[in-house]
Amino acid sequence: MTSEEYPNDVVLLRGEYHHYLDLVIDKKTTYSFPIFPTLTGENIIQLINDEGITNFVICNTESDNLQKCIVFSTDQEIFKSNFDLNSFSKALVSEIVTPNRYVATKCQRMTLNVYEISEFQNKQSINESIPTIFNSFAKSKTRKINVKIPTSAIIEVSINIKWTLKKIHKHIYSVIEDIFGEGNIPQPTRFRFIVIGSPTFPSYDLPFEFSPEMIGALWEQIEDPHGLYFDFVFVELDNSVMKSFQQYASELDLSLPALTPDTLSLYSSLSDVRFGVETSRITRLSINPLLSRMRLSETDPPLHTCNLQFVFIRAELRVGVNSSITGASFRVEREKTADDAILVLLKKMNHHHMVNIEQDPSNFAFVLQGTDEIIAGHIPMDHFISVRQFLLSGQPVMNVLLYTRDSLIASVYQNELSHQPLEEPSKSEFSTDFAVVGIPKRTFGYMPCTPHILSYARFGIFLSSLYNLPITQRLQISCSIIHGKSDLVTPVTFIQASGYRTQLINRYVEFQININSIPRSALLSITIENPDEKPDKPERYIASMNYTIFSHDGWVRSTPIVHKMWRTRAKDYLLPTRQTSENNTVVIHFRFTRFRNPLMFIFPQQQSLNQKAPHLLKHEDQFRLKELEAYDPLMELTDDDRKLIWLNRNRFVDNPKMLPLVLQSVDYTNTTQINEIPYVLAMWKPLDPTGALTLLDAKFADENVRKYAVDLLDQLNDSELLLYILQLTQALKYEVYEDSALVRFLIRRGLNEPKFVGHHLFWLLMSEAHISAIRERFSAVVVNFIYGIGHYRDELITGFKFTKMLVELNHELCKQSYSEATVTLRNKLKSVVIPPEFHLPVDPRLVVDRFIIEECKVMNSKKKPFWLTFHNAAPFSTEPIQTMFKVGDDLRQDHLTLQVMKVMDYIWRQNNLDLRMSNYSVLPTGLNQGFIEVVPNSVTEQKLQQEKGKMGSFDENTFIDYLKLMNTTEQTLQMAKENFMLSSAGYAVATCILGVADRHPGNIMLQQDGHFFHIDFGHFLGNFKKKLGYKRENAPFHFLPACVVVLDGQNGKLYKEFEQTSIKAYNVMREKANLIMSLMLLMLGTGIPELQKPSDLQYMKDMLHLNVNEREDADIFKNLIKISTESTKTAVNNWIHNLVCK
1 MTSEEYPNDV VLLRGEYHHY LDLVIDKKTT YSFPIFPTLT GENIIQLIND EGITNFVICN
61 TESDNLQKCI VFSTDQEIFK SNFDLNSFSK ALVSEIVTPN RYVATKCQRM TLNVYEISEF
121 QNKQSINESI PTIFNSFAKS KTRKINVKIP TSAIIEVSIN IKWTLKKIHK HIYSVIEDIF
181 GEGNIPQPTR FRFIVIGSPT FPSYDLPFEF SPEMIGALWE QIEDPHGLYF DFVFVELDNS
241 VMKSFQQYAS ELDLSLPALT PDTLSLYSSL SDVRFGVETS RITRLSINPL LSRMRLSETD
301 PPLHTCNLQF VFIRAELRVG VNSSITGASF RVEREKTADD AILVLLKKMN HHHMVNIEQD
361 PSNFAFVLQG TDEIIAGHIP MDHFISVRQF LLSGQPVMNV LLYTRDSLIA SVYQNELSHQ
421 PLEEPSKSEF STDFAVVGIP KRTFGYMPCT PHILSYARFG IFLSSLYNLP ITQRLQISCS
481 IIHGKSDLVT PVTFIQASGY RTQLINRYVE FQININSIPR SALLSITIEN PDEKPDKPER
541 YIASMNYTIF SHDGWVRSTP IVHKMWRTRA KDYLLPTRQT SENNTVVIHF RFTRFRNPLM
601 FIFPQQQSLN QKAPHLLKHE DQFRLKELEA YDPLMELTDD DRKLIWLNRN RFVDNPKMLP
661 LVLQSVDYTN TTQINEIPYV LAMWKPLDPT GALTLLDAKF ADENVRKYAV DLLDQLNDSE
721 LLLYILQLTQ ALKYEVYEDS ALVRFLIRRG LNEPKFVGHH LFWLLMSEAH ISAIRERFSA
781 VVVNFIYGIG HYRDELITGF KFTKMLVELN HELCKQSYSE ATVTLRNKLK SVVIPPEFHL
841 PVDPRLVVDR FIIEECKVMN SKKKPFWLTF HNAAPFSTEP IQTMFKVGDD LRQDHLTLQV
901 MKVMDYIWRQ NNLDLRMSNY SVLPTGLNQG FIEVVPNSVT EQKLQQEKGK MGSFDENTFI
961 DYLKLMNTTE QTLQMAKENF MLSSAGYAVA TCILGVADRH PGNIMLQQDG HFFHIDFGHF
1021 LGNFKKKLGY KRENAPFHFL PACVVVLDGQ NGKLYKEFEQ TSIKAYNVMR EKANLIMSLM
1081 LLMLGTGIPE LQKPSDLQYM KDMLHLNVNE REDADIFKNL IKISTESTKT AVNNWIHNLV
1141 CK
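Residue numbers (my numbering): 1 to 1142.
Hints were generated in silico from the structure; no laboratory data involved.
No residue lacks a Cβ here, since even glycine has one placed at the ideal position from N, Cα and C.
Careful: at least some of the hints might be erroneous.
[As the list claims (entries may be wrong)] Capping the alpha-carbon separation at 30 Å, the derived lysine-lysine pairs in DSS-like fashion look like this:
#: 1; residue 1: Lys943; residue 2: Lys815
#: 2; residue 1: Lys1026; residue 2: Lys857
#: 3; residue 1: Lys1072; residue 2: Lys733
[Unchecked claim] Distance ranges between label pairs, derived from CB positions:
#: 4; residue 1: Ile409; residue 2: Thr672; range: 56 to 64 Å
#: 5; residue 1: Val939; residue 2: Gln246; range: 47 to 55 Å
#: 6; residue 1: Ser203; residue 2: Ile287; range: 49 to 57 Å
#: 7; residue 1: Glu1110; residue 2: Thr326; range: 27 to 35 Å
Sequences and hints are given; from them, build the entire structure.
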């Protein structure tokens, strides 16, 4: 190895650094804690007094002349010291002890020795002669040192002090390699040999004996043969990949995590994902480059309700035809291929329009007008998502453009294929794992590890100290081991007297569980409270934290931990294991039990599923199991339920819906039951992919369970995946470790289909990357994703900078009056340069190149949202593109509500119900900001009622008059009324189940073609507004007498169809209640105020009436329609709203 292989400017892979103090009392008890800035002599005296010692002497080192080492004595007459009682109490410990001048490190361990006065006097009478360290060196150049390696194992290594540090490094590495086996540990250059606690290190070309830092540590080692002074640690990476990550983080205002082994494991896994996707992409697009602009699905959206067998197409030619004929209309059977459709067009142009054009359809392709989506090739027309959407839209004709295929391929090569994949690091660059293959064997006196399954010791931690506490008289400290959303054992809670900013705890906490009974995904949870405050007061909760017991690669933690806790937090099962980056937070110092031989999570050989015949059940147990089979996600299992389910699990292997209950019934402290989980998953009848979403809830922490769920979800096509990607992104918060099957799945699917799946994944991550609890995790995922997305990288970064500019502009305009704001907005937008072919974040199909300044405005609202109009840059498009950008409101609740409605619409279509819902798009892009799609040709109920005058809220002809005005023929009017009937039914059921509240004329809209829809979902789950304690709303959904008039009255045919359609849609949702509730439960980690805990969904469960039959259910929903129609409160609220909001 050359010296270049070990550069001297590398950075250690660790966190913050502190000097440590060892307080040794009578050579029996040692307390260790970091020397925090506020640690004082009073804290030291308090700790000594707690040991029952009142007359004592404190010395700052061991020496033949102890009198010179006295720092403090309680008997100043006998022993003079540097401090009296008052000055010692107030003195900072950092002033009492000073670093060893022989040791050049910034972070050291220092010692204060405490003796009872009588013992000190005895020691003083002893005068021993101890050889100096230098005489000892003169006798022998060979020394044995204790070295800690990254697995926390301590190995003894013989070195010669004349060796260079490089040679010692090689020697230590070879010893480790002998223990673990060749190829099972990271490369030598990933390590550095240092003195423990040192943030820097000397040149590797320097001999050991000429390094003051190393010699100083060796001196300490000789004086304390069992002490630990040397470390073999990981170093941070400095390569092109990391530099790119840092650049992306800077451009996107992200915060990357420290390069811990857990983070590096994530980076290594995602590097493999990127390489695999890129290899597949090159293979796929080399065959057909146009696939990069196609959206294909054989099932989405469902066509069960579509009776159309033909696609009606209007095509304009963009192929250089020199003729006045530039287009033609035709129809083609939907099962025919795109090439078949192109051939029909070419023949029509040739035979009917006498245009001489070649007849080979493989040389041409359709492009959907207004977008860059391509329809081409030997692919059935109804396999293109845009065609399927057209068939369901009710539109008379689909507008496309005909291009030569070569011109489109050239465009793809200029854009999607213009970026070469970035260099990926080698596996060894990111790897920090120490692999243990098979059952470990002892080698040269050492074993790589001891399987944790062999350790019957109780698990415990040593709490050392707390720093930066608020001043309180008492602290309540609770320690627990959690798994998912529950405690594995009874928490250990104790009261600690306080009154100081820094508090020495020095207490061993033992849990009533053996190490071999702790599951891999268990966490240590510590919460600090003020017991003198009431539980409902925020002031009670001082700080909290969660921490992994096993490292990401399975090692039982055994090193001291200094961790910044999360401020003002109660115990939280969803709290991330990372420390907070917040300022002025409580810092805790603790350590796990250290074992001479480190423990690793290793299970014995797995056992097969017990296939014994089910035993006979008592009648009451049979009845209870029958009840449990009809479970819903809000059901709370009792301990007896869990035992009953697990004991009878074999009865349900053919019932997929029972799998979540069986997995919830596992005793995660029982190794036999945990060991059976993989076999339960393998033998159970598989869940459908959407059912697997339940298993990504935080309560399912087991790695095998979560991977099983991800494998099932991989069956979803891209369009189906987009329906649930919101929840899947949220579920990343519930992963114990940074690297997981879920994050690998999301990155792979996002890179495979970057235009839609990747686009939405990016913005979902960015919309919450400001939240401190998950900021670093999401930041790490984003930069890894951006690194591999190729051509779309610049587009997404540009999109972020564009939204950032709009946010800054909004903040500026909020200071102006409404009349001034629009003028300023237009002036500012004139200087904004939009890149050519810029895809709007709200919809990646929309391509714009500039603002239409005169049509942009600031809307008349307190938070001054922007109405933005863009020039459509898609070829030959004439319609402008409009959208809203809003700052100041949390749009995530709107996004969630609309997403669940889209899922409902998808399910209805699968069940032959096309309710023609207008589910517009909302895209949160960051903290209280985002885009809102503008639905064209629509008007609010408020405007229609106000046009009728002051009493327009009571005018029952409001809707029908508008529809007659917009639809002047009987045929179009009937179509509009049918659209109204179906969409009203869809929104009645959806808003009823979701408990959408604050319904007023300003957030109810109607399109010219009769589509009825809701906007602005600021309140849901039954959180109806109140005024002075008075509930303002009593209607389960918004359905006015004016709606009944559109449907020809309550005796009309359309009204009867509305009732029957609503009831059918309601029953379909009742059958899918578990899915809808699971989607909401997965969103508990968002912090949305009205969705904080499972019980917040009780309103939804109640509105679904899960315990009644279909006949009863029909009567229930008919009654809900009646209540809504006859609601006097709704009419009065509408009237008041229209008077106030003009």
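Determine which of the earlier numbered hints do not hold for this structure and return their numbers in increasing order.
2 and 7
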